[in-house]
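*Asks:* With the sequences and hints as input, model every part of the structure.
Protein chains in written order, with the numbering used here: chain G, 1 to 507; chain R, 508 to 861; chain E, 862 to 960; chain U, 961 to 1122; chain Z, 1123 to 1273; chain H, 1274 to 1397.
You may find that some hints are simply not true.
To be verified - Below, in silico cross-link-like pairs of lysine-lysine (DSBU-like), each with a Cα-Cα straight-line distance of 30 Å or less:
(1) K464(G) with K121(G)
(2) K765(R) with K1033(U)
(3) K121(G) with K765(R)
To be verified - Quick look at which bits of chain H chain U covers, simulated, 3 or more residues with Cβ under 8 Å:
(4) 1277-1286
(5) 1340-1347
(6) 1361-1368
Said to hold, decoys possible - Quick list of the computed label-pair ranges, beta carbon to beta carbon:
(7) P801(R) with P37(G): 35 to 43 Å
(8) D701(R) with R943(E): 14 to 22 Å
(9) T1335(H) with P801(R): 38 to 46 Å
(10) A880(E) with K1369(H): 22 to 30 Å
(11) E646(R) with A424(G): 47 to 55 Å
(12) L1301(H) with R943(E): 25 to 33 Å
For the record, the hints were derived by calculation from the structure and aren't laboratory data.
Predicted, not measured: the structure shown is a model, and the values here were computed from it.
Each residue gets a CB set at the ideal place from its N, CA and C atoms; glycine is no exception.
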Amino acid sequence: MTPFDALYAAPAALTAHAPVIVIAAPLVGACAAALSPGARSSWVISVLTTAFSLWMAIALAGEVAREGVIDYALGGFPSPMGIALKVDAIAVTMALLISAMGLMGAIYSGHALLSEVRAEKHTLFQAGYLLCVSGYLGLVLTGDAFNAFVFLEISSIGTYALVAAGERRDRRALPAAFNYLIMGTVGATLYVIGVGFLYGATGTLNMADMGVRLVTLGDNPAVQAGFAFIVAGLGAKAAMFPLHGWLPGAYAGAPTLVSVFLAATATKAAIYLLMRFTFDVFPLDADFGRLFLHGILAPLAAAAAIVCSVQAIFAREVRRMLAFSSIAQVGFILLGFSLATQAGVSAGVFYMVAHALMKAAAFMALGAFAISLKARLLSDFAGIGREAPWSTVAFAVAAASLAGVPLTMGFLGKWSLIEAALQARQAWMVVVFAIGSLLTLVYVGRIVETMFFRAPTPGAPRAKEAPVGVLAPLWVLAGLSVWFGVDATLPASLADAGAAALLGAAP
Amino acid sequence: MTGFAVEMSAALNVVLLLMLVAIGLAVAHTRNLLTAILLMSVYSLVSAAWLMVMDAADVAFTEAVVGAGASTIILLGAILLTRGATARVDWRAMVAPALLAVITGGLLIYASLGLPEFGDPSSPANAYVGRMYLERTGEEVGPHNVVTAVLASYRGFDTLGETVVIFAAGLGVALMLGFGPRATLAPAPEKMGDHHVVLRVAAKMLIPLITLYAFYVQFHGDLGAGGAFQAGVILAVAVILYGLVFGLRETIAAVPVKAARSVAALGVMLYAGIGVICMVNGGAFLDYDYLFSPQVEAMIPANLLGDPHEEHHWGQHFGILFVELGVLLTVSSTIVTIFYGFAGRSIDAEEAKR
Amino acid sequence: MLLAAGTAGLLVAMVLMIARAVMGPSQYDRILAANSFGTKTVLLLAVIGYLFGRPHFLDVALVYALINFVVTIALMKFFRYRSLAQPLTASAGERAPHD
Amino acid sequence: MTYLLGLVMALTVAWFALSGQTAPQFLVLAAVSVLLSVWIAARFKIIDRDSSPYHRAPQLTLYTGWLLVEIVKSNVAVIARVWGPRHDIDPAMVSLRTNATTDLGKALFANSITLTPGTVTVDVEGDRLKVHALMREKASPASFEAMDRRAAGAADARKRER
Amino acid sequence: MSEFLTHFNYIAVVIIMMTGLFIVFSSGNLIKRMIGLALFQSSAALFYISLAKVTGGTAPITLEAASEAGRALAAEQVPGYVAQHGIDGVVYSNPLPHVLILTAIVVGVATLAVGLAIAVRVREAYGTVEADEINAVSRIDAAGLQAEHAP
Amino acid sequence: MTEALHWIGGGLVVIGSLLTLFGAVGVLRFPDVYTRIHAASLTDTGGATLALLGLGLISGLTPETLKLAFIWAFVMLTTPAAANALANAAYGSGHKPRIGAFQIIPSDAPRETDPEDADRSSSQ
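*Replies:* The following block contains the structure:
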């Protein structure tokens, strides 16, 4: 079985409430962090609560593996009266991913924040960070359409402020945060209106219940409008192709910790919710759903994968490069989902996890350089491989995974995406994957080449190796990218189960 | 056939909505920010009146205190700190948004025809879960105000989230504006003289009444319109009024910045703590039926609410009371924190630094 | 019936106030309109509360009167002091004499 | 101390006017609410004769009655001007001196001027008021003296002794 | 009643929604955009509340006084209406959307506060809140970076 | 008796609302902000007094009447204060009136009437 077996053994009393504890732990932690007297103590709280949340997520994964879907009725009221948390294989996979990234980020923040955020702001910053973690966890675990909106907003409002805090390094973080806020809020409001349409048509907010009742409704313009609103709203949050304008600035400007966490989780949580609606709530046999997946989602995702990869190649700043890359990779993930087959969705989930690991590691490495070196442009990184070998090599590993070099998780992810596309007889998608990967190779190659083989600019500031507190989470992530590239049992089984759970409700 | 009051309500609905549309268009048209803010304040007032006609008393309450009160003051603070009118926008830059708006609007209006008729009691929205709440609140939860019951108990988790959202906003504003130049904390220059004896006296008389009213709204949430959010904002408005009249320095002396921030966190903790207590006692998170052990529950006097024979859900009753207290703490202190953030910053100091 | 007539009168007055708020011409006119609009809304709420026989309208009317006042003071400070933080007196510590 | 007691009494009355509930729970909540409000007022240091002139309630009530009559008597004048020819008004600014010594007295006087049709207090500085009048001929400084006397009498205890 | 009147609320809501969106995307001033956003968010509130209204209904407060008024209201309807849709002789409007919109309003003010705080910081960093000017300065920032680090 | 009170109360409400309406017309018709303040603040307080009194008559001696009294006190306290604040803001910022030059009649000017007359004229 898996190496996590030992951790499954949480006390039964805790496991029974694990779905809510996963969310509540960072939430209470956020309050504690806001109350804590200093930067150090808030960091300790941050690490402890995210660790606890991760432990509970692991316990929850074990529980889901044993019991199947877990419904947790908050307040003791059965749905549709009360709010229910619905934990199935895909939800728990997302929760594992988010809480693990939350922990990694929290550990990393101990040193990373020092250079980027003024010391007296640390307690508030940590509190905001924990609120974000809690918000995304709630978003993936909830089974209630409106509750999802609330958590979407918790995470978003925290995120806007955190992104804006990057102004100390680069003032462009501020307009970027503002644009993010506008797009995010428009997206969230569109989502709410969409949910309103669905509520008007079905009378319920529980997603599962909604799904059951929608089947009987047939062709209703209000339902279609609701779906369109939800897609547009979550699409804006997930940086789906034409709505991605906010992302490069936000990722590039934010403090590294925030970039790390956002790149690993933010868009993914929104994609997850979108897929939950597409597969779980809407009757997939309706022409409308098919039209959306094949006629809208797939072409847009393909366009993202290619256009944004090209933009990444021409970006001058490394962070911006990685941000554009994120949009392109989101395109890959969405292509997998748009197949709507077990193999396709499973590949999409797998690639999602892979991308989270490698992009988080890449941003972490950039942050590690930033501690000693105020580097932004690609040319600033020339020759850094000799000065800070540990962080550079970790970055290279993540980059290799991004480019799809064999023996990395990225390679397996892309491979399974291509396989799924072939299986579904979507040859054009294979071409998109191939071109996208090639383009990725180009920009990743440029970075790695500069880091290792260019001579440093004479007179430029020297980089120093990052402290252990930064290297440890960095290497954990990079290591996982390689390990799962060699032995993918754990993520693949999670992805398979997740895909089955997502598609299971579809007829 | 319908009767007079029903017809009247329908007519008010149409008139007030038309007013809202007109104000919205006027906001879009004006280029002056202050005008836009004033119109938004009026918009809030009208929309709150409309909400009353729509039977949404609690929402109207919230819209009045939040939309017309808190938002307007925050917006005023913001334009004081940004100082500028909107630049004239080239009409060509408006074509795309206008087209987008018109097309989407047309599609939407088409789509809305698929929605049930306005006021239809048998529409899915009104006949299914909504009706279940109306039927069961009495026996399951207790409060006379069904909105309070749904808010604090059935959907208590949403409300926890909402409290956290407000907390997050306070955190965000404090993070961005809370550590800035506080030059305006200096006392007003002498030459200003004392011109405002009327306002000072009025404010002094009003503030205790406002705080009392806030507590009234807080504690009568299960009997009528209102509840913790509204009370929290009203309480904060009392502090803001004091700040406006007596200056930020005096206000911070009475309500320290740090205290406001801490109380906001404590409020969320209280809310979540109630949930955890329920969990420890064997129920689900926020299942107030498990708030008290039977021994404790037996100690509660039966005539606490007047009629000793009426059936009571003490767990639910006190659960709602406590979580609303948490909401009150968080909301009031967060709004105060936000006010401090905007009022305590000085654009002049910032400019002098350059 | 009389209450309905009262409601109609108040609504017309409100519409006129919106016209003044939109037309201006000065910002003070707009503030005046907004403030007076608020008072009319208070009355409107009280009257339709009785029209529909629902007393809880009064709580909302009360809160309107209050909010209206605070917002007007904020606006006054906006114009006179260009700051929300300045006290309205030279020193707030100065208190009225006791009798 | 008088003010504190007055405030507590007034708030208690206000609470029951608002609430009307007498069940034990609400009595407890009433006590809590009144005490919290007073505590907040004390923190704000606003418990003085301006904020709680409730010991002068009889005089103030009498004054209010007188003022109401004045208001009703003269609302008509302004309404006539509203419907009258466009420029049938002749505004002017008047400067007044008040006899009131306390903030409360000044505020009461200024507010009364505003409440009476045709005049609005624009500014109060020291014992000087600037009043904007709709009709110049109705607004000689002397015409405010009765009101000033009554307002000061209602608000300021010492006034009578002078 | 005609289709127009029965769906009048939705049409009004859509117009307000579109006005809000138009302000958000056509205005260059950050504060104005936040105002547009507030308008847009409020349209969601109007929409939900319109869904919740029941003809002849009263506020979902089951106190005696409210119920009496509710009975009077309900009695104005055709016979059988109350029996079918009422609870204890009173027709109530739907409380659930009210609860949801309470949440949404609070979320709206939270967003407004954070957005304006960011706008204030933008003004401090750039000296303006006009998007065009900010973009121009940002481009100079990026170019300046280039020049600064060029070999 | 109650029936009569209902009619009287309703009549008062109508008169109050008409007063408010006239005030609104005044706000539209008067030439500048200072004169408009007169129209708005007076009729607001007058209209509110009448309308609330009317509602009080309709509801009789009930808790609601107390609330109405509360609202009335609030309006009477805040409306003039707000009018004062607004006039002060306009005056203090140097906003010019459209008609009636700001010639200030000083308080030291010789008295035109004796105090007894003033008592009456102030109330017109």
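*Asks:* If you check each hint against the structure, which ones fail?
*Replies:* 2, 4
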